[in-house]
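There are 2 protein chains.
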Amino acid sequence: MTSKPDAAPFCVLLVDDDHDVLGANARYLRIEGFEVVVANSADVAFERLHERDVDAVITDLIMPNTPGLAFAQKLRFSHPLLPIVFFSGHASVPDVVNAMRLGAVDFLEKPIDPEVLLKTLTDLRDRYERTAVVERTAFMPDETSAGTVSFRTRVLAYEKFIIEASLEEHEGSVAKVIDALKINRRTLNEKMVRLGIRRSGDSA
Amino acid sequence: MTSKPDAAPFCVLLVDDDHDVLGANARYLRIEGFEVVVANSADVAFERLHERDVDAVITDLIMPNTPGLAFAQKLRFSHPLLPIVFFSGHASVPDVVNAMRLGAVDFLEKPIDPEVLLKTLTDLRDRYERTAVVERTAFMPDETSAGTVSFRTRVLAYEKFIIEASLEEHEGSVAKVIDALKINRRTLNEKMVRLGIRRSGDSA
DNA sequence: TAAAAATCGGCAAAAATTTGCCGACGGACG
DNA sequence: CGTCCGTCGGCAAATTTTTGCCGATTTTTA
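Line order of the protein sequences matches chains G and B.
Residues 1 to 204 (my numbering) are what the first sequence spells out, left to right.
Residues 1 to 204 (my numbering) are what the second sequence spells out, left to right.
Misleading hints may appear alongside valid ones.
Intra- or inter-copy, both count: the list cannot distinguish identical chains.
Calculated lysine-lysine pairs in the DSSO-like style (CA-CA distance at most 30 Å, straight line) [said to hold, decoys possible]:
no.	residue 1	residue 2
1	K74	K191
2	K182	K119
3	K74	K176
4	K182	K74
5	K182	K110
6	K119	K191
7	K182	K160
8	K191	K110
It should be emphasised that the hints constitute simulated quantities derived from the structure, not laboratory data.
Make a model of the complete structure from these sequences and hints.
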């Protein structure tokens, strides 16, 4: 409904080889308060990704040069937790299956209903807000080497994410988290310290 | 091609409300060397699951009483890593998306091509052979854990994902993965064994 | 205000993971 | 052939993590 230009700039990377559609969607999303970066090919998309942090990627499954899946695959690797949403005109079941396997968040059908797109992104923004943070803090000390995130780092980032998410879900109740995650209290504690997780309150 | 009744008994739970189809598929799979348990409803399926350990579940998406998705959802609870394969006649994109979100391994289209089914299961067998072990050690043996997926399980699943992705990205080159993930060769090896990851090459 | 419920951290034993070293194997290549 | 390269696995030591136990504090609840 209300589209408020949030304080938190949620940045969406829109990838589509159809210039018109791309422009239209971008415009629409911008009006709705999203920050939008566009790309008309996978290559350009990667350039954009290097230039700045995006919070979600919306991409056409079928593009001239790079198949959308190959694109997603590379993306998955450099940005493990980055939400990807596909859309396509006549997607076959296997297409959808493969897309989801690559960790797609959703798969929309073309032509895209603006309402649906908006809802998808809004949900995403709400749900994945902190994920981006995790990525940013835990990943790549310097942004030069996008691909060289160590295994350990990624896993730790994920652990952190899980715990923080669960913590939030249970309104900061450690006890509930322990129960939900089936993790030893002591262990959870250790991890929180190690990963620098603080309850509800914040920095400083 | 050659289907050898393996020493390792891979047990498949086949769920379909169509008696004839169910029987036919079961027979076929048995001939191909799988151990098959059948159920014509979600309820029966759960009974079977309590009776014995199965390694994979193949289920129709649309069934009279329980919608396949609801079934999968319950299943996800009790068996977070248990591979589920769906099949359906006229699945919509959203259907597939939801199925995959619930962690479906694959989504086949009805009528099922025996060849495809067989291949799917064979791959599954190869890939998930050892995963069962992980599952067993990863979370409570008891079904008391009705609620959630344990922290450990989730992390393991993620580790598995990272490794498999990297492996795929580097066309199965362990050396490259070691370099990319900055992980000790020995460690990577251990994890692959523990998580049941096999290199691109495949079946027996 | 007292009792009950939640958190947190120190410590040390127990358990699990990681890593280095060594030898082996199969394939590609000169 | 003989070698080099990439992979694998056994073993044991080095490390890291997980857990249990105890007691101290803080927050809620009755």
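Quick one: K182 to K160, C-alpha cut-off 30 Å, is that within a copy, between copies, both, or neither? Close inside one copy (15 Å) and across copies (20 Å); limit 30 Å.
Up to 30 Å between alpha-carbons, please classify K74 paired with K191: within, between, both or neither. Both. Shortest intra-copy (29 Å) and inter-copy (23 Å) distances satisfy the 30 Å Cα cut-off.
Within, between, both or neither: K182, K119 at alpha-carbon 30 Å: The answer is neither: 33 Å in one copy and 36 Å across copies each exceed 30 Å.
When no copy is specified for K182 and K74, does a C-alpha distance of 30 Å or less occur within a copy, between copies, both, or neither? between (33 Å within a copy, 18 Å between copies)
With identical chains, the pair K191 and K110 could be close in the same copy or across copies; at 30 Å between alpha carbons, which is it: within, between, both, or neither? The answer is neither: 37 Å in one copy and 41 Å across copies each exceed 30 Å.
Pop the pair K119 and K191 into one bin, within, between, both or neither, using alpha-carbon distances up to 30 Å. within (26 Å within a copy, 39 Å between copies)
Intra- versus inter-copy proximity for K176 and K74 (alpha-carbon distance at most 30 Å): Classified as between; 15 Å across copies, 37 Å inside a copy.
Within a copy, between copies, both or neither: where do K182 and K110 come within 30 Å Cα-Cα? Classified as neither; 42 Å inside a copy, 39 Å across copies.
Of the numbered hints stated above, those contradicted by the structure are hints 2, 5 and 8, listed in ascending order.
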